[in-house]
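Chains as they are written, first to last, in our numbering: chain A, 1 to 340; chain B, 1001 to 1164.
By construction, these hints were calculated from the structure, which means they are not laboratory data. Heads up, a few of these hints could be off.
[Unchecked claim] Calculated pairs, EDC-like style, for lysine to aspartate or glutamate (alpha carbon to alpha carbon, straight line, at most 20 Å): (1) B/K1031 to A/E291; (2) A/K144 to B/E1038; (3) A/K33 to A/E291.
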Amino acid sequence: MFSKIIRLSFLLSVVLLTFSGVALAASGDDEDKTSFIMHHIKDSHEWHFATVGHSHITLALPVIIYSSDRGVEFYSSSSFVDPDTHHFGVEYNGYYIDEHDKLQAVDESRSFLDLSITKNVAMLFLVLIVTLYLMLSASSFYKKHPNRAPRGIASFVEPIVVFVRDEIALPNIGPRYKKFTPYLLSLFFFIWIGNLLGLLPGAANLTGNIAVTVTLAMITFFVTNFNGNKAYWKHVVATPGVPLPLLLIIVPVEIIGLFTKPFALTVRLFVAITAGHIVILSFIGLIFVFESYAVGVASTLMVVFINVIELLVATIQAYVFTLFSAMYIGAAVADHGHEH
Amino acid sequence: MDLISPDLGLIIWQTLGFAILFFLLAKFAWKPILAALEERDGAIEASLSEAEKAKLEMANLVAENEKLLQEARIERDEILKSANEYAAKLMEDAKGEASKAGAKMIEEAKAVIETEKQAALTDVKIQVAELSLLIAEKLLRQNLSSEASQKKLVEDFVKDIKLN
């Protein structure tokens, strides 16, 4: 098994270096060789898969702009690409995409909303489709065969559903867990499948994008606080058992605490996934920096190893995000406030 | 598009996408799956308790069977015992009757033998008497044919008388 991995790594390195020789002829210094890392980590208006020689394998994505003066506008991102450099920068209908891959209006006084189907939005659609397909096929099994042991996709989904229900929702939320189980299940599967698909070569870094993690964290924040009961709010604004002078310190801390929870959720998922991608890509980048077969073999081995760890991280982060969401919701709906 | 500043467009798409995902999954996936799981849990629970009940019933049945068997055994023993007793009594009675009948027959046979014996003795007595008479006649005829013998006889008689 191990020797097989080594042989495979060597083969991969040879292939990578053969291609890179051509690719490097076009690019110049070391910074160019590793710029693909940040390019992969960040969002973009086009989906770039590979560069073979001078030709780029790129999927042009729709650019959707809403502005109060011009309404909704649709363009293809290829309209903004310079045909010579293959980079963004061309002006089109009063817009251009700058060097940070950000859509800008030529007239700087205009304000608009960039609703483009960026790489991450396209990835989001992919994750939604995969998740919906898996879960709906699983649920169709239960409709067709009630009271039967699960088979196929259902047997893959069922242990996870049972785990989220019995190990995350029930112990952390308590008797009212049934109301929140669907949310926690959706959260877990979205993050997990997003993490796993993000590990595929050429995939976008969806769950490692801060806009995505902040949105998920804010949903948990709203679910938590809209369902908060009297004891929870009393605990926040007038912590029981605390003398009045101390309340002046405790209450601001508690109110800040409301917001540090979603902040922690946001940063934890964003950092864990983005860091994993950066580590993997850095090891691949080493091959192009050193241009050595030995480094190629070692790097590929490390990439395989980190990839396996990332599979674990993908699951752990989905679990942790769901678990903490459940704990925050649990604290807000608990019948007895926590007495410190 | 910066690394750590969230992009508004993506936030809008993510909110929309996740909301759609949540509502579709909640309605078409989680509801049926969770309901099916709960139903199956209930069914398993019910069949387990039913099995437990059946086991108890089985044990009761076995105990009852054992009791019935025990009772049947006791009854059989009683029947056998009474049958033995009856047979013994029957044999005893038969024996008594047989010996009584035998004794009676022996008694009767003895009586017959006695009568026969008496008859035979009477017969013998008559024969003896007749023979004695015959012998006496012959003797008399022979002995009294001469003078000497007659004399002698008389002398003998006289002798006898003297003796008496």
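Checked hints:
no.: 1; hint: B/K1031 to A/E291; result: violated, 55 Å
no.: 2; hint: A/K144 to B/E1038; result: holds, 16 Å
no.: 3; hint: A/K33 to A/E291; result: holds, 11 Å
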